[in-house]
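Asks: Sequence:
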Amino acid sequence: MLERILIVCIGNICRSPCAQTLMREAASRGNRNLKIDSAGLAAQVGLPMEPTARAVLLEHRHRPLEHRARQLDIAMLRQAELVLVMERRHVDGIYRIAPEARGKIFLLGKWQDEQEIRDPFRRDRTAFEQAYRQIRIAVEAWAIRLSH
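Last residue of the sequence shown? That's 148 in full-length UniProt numbering, and every number before it is there in order.
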(Lines of atoms letter the chains of each structure in order from A and count residues from 1; the text may use other names and numbers.)
(Lines give C-alpha, C1' and ligand atoms only; values in the text may rest on other atoms or scores of the structure.)
Protein backbone atom coordinates (compact mmCIF):
# COMPACT_ATOMS: atom_id res chain seq x y z
CA MET A 1 0.00 0.00 0.00
CA LEU A 2 1.20 3.48 -0.90
CA GLU A 3 2.53 5.45 2.08
CA ARG A 4 4.60 8.41 0.78
CA ILE A 5 3.78 10.93 -1.93
CA LEU A 6 6.09 13.76 -2.98
CA ILE A 7 4.73 16.71 -4.97
CA VAL A 8 7.24 18.77 -6.93
CA CYS A 9 7.26 22.11 -8.74
CA ILE A 10 10.00 24.71 -9.21
CA GLY A 11 10.01 27.12 -6.26
CA ASN A 12 7.92 25.09 -3.76
CA ILE A 13 5.92 28.17 -2.80
CA CYS A 14 2.83 28.09 -5.09
CA ARG A 15 1.73 24.91 -6.87
CA SER A 16 3.30 22.08 -4.88
CA PRO A 17 2.27 23.36 -1.41
CA CYS A 18 -1.25 23.96 -2.77
CA ALA A 19 -1.37 20.39 -4.11
CA GLN A 20 0.12 19.09 -0.86
CA THR A 21 -2.66 20.77 1.12
CA LEU A 22 -5.40 19.40 -1.13
CA MET A 23 -3.88 15.89 -1.22
CA ARG A 24 -3.63 15.80 2.58
CA GLU A 25 -7.29 16.77 2.86
CA ALA A 26 -8.34 14.16 0.29
CA ALA A 27 -6.30 11.47 2.06
CA SER A 28 -7.83 12.33 5.43
CA ARG A 29 -11.36 12.10 3.97
CA GLY A 30 -10.50 8.59 2.78
CA ASN A 31 -9.01 7.71 6.18
CA ARG A 32 -5.69 7.12 4.45
CA ASN A 33 -2.55 7.53 6.51
CA LEU A 34 -0.39 8.98 3.74
CA LYS A 35 2.71 11.09 4.26
CA ILE A 36 2.52 13.87 1.69
CA ASP A 37 5.49 16.17 1.19
CA SER A 38 6.45 18.80 -1.33
CA ALA A 39 9.71 20.22 -2.66
CA GLY A 40 11.08 22.32 -5.49
CA LEU A 41 13.60 21.71 -8.23
CA ALA A 42 14.89 25.26 -7.65
CA ALA A 43 13.24 25.93 -4.30
CA GLN A 44 13.11 29.32 -2.68
CA VAL A 45 14.36 27.57 0.44
CA GLY A 46 12.79 28.68 3.69
CA LEU A 47 10.13 30.93 2.18
CA PRO A 48 6.50 30.48 3.21
CA MET A 49 3.73 29.77 0.73
CA GLU A 50 3.27 32.62 -1.73
CA PRO A 51 0.62 34.95 -0.20
CA THR A 52 -1.83 34.84 -3.13
CA ALA A 53 -1.62 31.03 -3.33
CA ARG A 54 -2.34 30.83 0.41
CA ALA A 55 -5.21 33.32 0.15
CA VAL A 56 -6.85 31.33 -2.66
CA LEU A 57 -6.67 28.15 -0.55
CA LEU A 58 -8.17 29.91 2.47
CA GLU A 59 -10.97 31.45 0.38
CA HIS A 60 -11.88 27.96 -0.83
CA ARG A 61 -12.04 26.77 2.80
CA HIS A 62 -8.82 24.78 2.82
CA ARG A 63 -6.41 24.75 5.73
CA PRO A 64 -2.82 25.04 4.54
CA LEU A 65 -0.26 23.99 7.12
CA GLU A 66 2.71 26.16 7.97
CA HIS A 67 5.01 25.81 4.99
CA ARG A 68 8.67 26.46 4.32
CA ALA A 69 10.02 25.80 0.83
CA ARG A 70 12.42 22.85 0.56
CA GLN A 71 14.95 21.95 -2.10
CA LEU A 72 14.33 18.58 -3.75
CA ASP A 73 17.06 16.04 -3.04
CA ILE A 74 17.79 12.44 -3.83
CA ALA A 75 16.78 11.21 -0.35
CA MET A 76 13.26 12.64 -0.79
CA LEU A 77 12.97 10.94 -4.18
CA ARG A 78 14.11 7.60 -2.79
CA GLN A 79 11.64 7.74 0.11
CA ALA A 80 8.65 8.66 -2.06
CA GLU A 81 6.65 5.89 -3.66
CA LEU A 82 4.82 8.31 -5.95
CA VAL A 83 6.18 11.62 -7.26
CA LEU A 84 3.72 14.08 -8.81
CA VAL A 85 4.95 17.01 -10.89
CA MET A 86 3.30 20.01 -12.54
CA GLU A 87 5.06 20.08 -15.93
CA ARG A 88 6.79 17.60 -18.23
CA ARG A 89 10.11 19.42 -17.85
CA HIS A 90 10.00 18.65 -14.12
CA VAL A 91 10.17 14.94 -14.96
CA ASP A 92 13.42 15.54 -16.85
CA GLY A 93 14.78 17.61 -13.96
CA ILE A 94 14.10 14.77 -11.56
CA TYR A 95 15.70 12.19 -13.88
CA ARG A 96 18.90 14.25 -13.81
CA ILE A 97 18.93 14.01 -9.99
CA ALA A 98 17.72 10.42 -9.65
CA PRO A 99 17.39 8.38 -12.85
CA GLU A 100 16.28 5.44 -10.70
CA ALA A 101 13.05 7.33 -9.89
CA ARG A 102 11.77 6.48 -13.38
CA GLY A 103 8.45 4.70 -13.16
CA LYS A 104 7.14 6.53 -10.11
CA ILE A 105 7.00 10.07 -11.52
CA PHE A 106 3.77 11.30 -13.09
CA LEU A 107 2.15 14.59 -13.99
CA LEU A 108 -0.34 15.70 -11.37
CA GLY A 109 -2.65 16.28 -14.36
CA LYS A 110 -2.17 12.72 -15.67
CA TRP A 111 -5.88 11.91 -15.52
CA GLN A 112 -6.78 15.15 -17.32
CA ASP A 113 -5.08 14.12 -20.58
CA GLU A 114 -1.58 14.70 -19.18
CA GLN A 115 -2.42 18.33 -18.43
CA GLU A 116 0.40 20.58 -17.30
CA ILE A 117 -0.28 23.15 -14.58
CA ARG A 118 1.38 26.47 -15.37
CA ASP A 119 3.26 28.36 -12.71
CA PRO A 120 1.22 31.34 -11.43
CA PHE A 121 4.25 32.92 -9.71
CA ARG A 122 4.51 36.66 -10.42
CA ARG A 123 1.28 36.59 -12.40
CA ASP A 124 -2.14 38.02 -11.57
CA ARG A 125 -4.69 36.49 -9.25
CA THR A 126 -6.53 34.88 -12.18
CA ALA A 127 -3.47 32.68 -12.80
CA PHE A 128 -3.54 31.52 -9.16
CA GLU A 129 -7.26 30.73 -9.37
CA GLN A 130 -6.73 28.76 -12.56
CA ALA A 131 -3.82 26.81 -11.07
CA TYR A 132 -5.92 26.10 -7.97
CA ARG A 133 -8.83 24.75 -10.06
CA GLN A 134 -6.53 22.53 -12.12
CA ILE A 135 -4.77 21.24 -8.99
CA ARG A 136 -8.08 20.55 -7.21
CA ILE A 137 -9.45 18.52 -10.13
CA ALA A 138 -6.17 16.62 -10.55
CA VAL A 139 -5.88 15.83 -6.83
CA GLU A 140 -9.44 14.53 -6.70
CA ALA A 141 -8.72 12.25 -9.66
CA TRP A 142 -5.59 10.90 -7.96
CA ALA A 143 -7.46 10.48 -4.66
CA ILE A 144 -10.09 8.31 -6.36
CA ARG A 145 -7.43 6.10 -7.94
CA LEU A 146 -5.38 5.84 -4.76
CA SER A 147 -8.40 4.79 -2.72
CA HIS A 148 -8.81 1.56 -4.71
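Just so you know, not all the hints are guaranteed correct.
[Claimed, not checked] The following label-pair restraints were derived from C-beta to C-beta distances:
(1) A42 x L65: 21 to 31 Å
(2) Q112 x E81: 33 to 43 Å
(3) A141 x L65: 21 to 31 Å
[To be verified] Below, in silico cross-link-like pairs of lysine to aspartate or glutamate (EDC-like), each with a Cα-Cα straight-line distance of 20 Å or less:
(4) K104 x D92
(5) K104 x E3
(6) K104 x E59
The hints are simulated quantities; they were obtained by calculation from the structure and are not laboratory data. This one's a predicted model, so the numbers in the text were calculated from it and none came from an experiment. A virtual CB, placed ideally from N, CA and C, is assigned to each residue, including glycine.
Asks: Now look at each hint and say whether the structure bears it out.
Replies: Hints versus structure:
Judged by the Cβ atoms, the range 21 to 31 Å given for A42 and L65 holds: they are separated by roughly 22 Å. Judged by the Cβ atoms, the range 33 to 43 Å given for Q112 and E81 is violated: they are separated by roughly 22 Å. About 23 Å separates the C-beta atoms of A141 and L65, a value consistent with the hinted range of 21 to 31 Å. Note on K104 and D92: the hinted pairing holds, with a Cα-Cα distance of about 13 Å set against a maximum of 20 Å.
Distance check on the hinted pair: K104 and E3 sit about 13 Å apart at the alpha-carbon level, within 20 Å; holds. Only pairs whose Cα atoms come within 20 Å are accepted, and K104 paired with E59 is rejected, the gap being roughly 33 Å.
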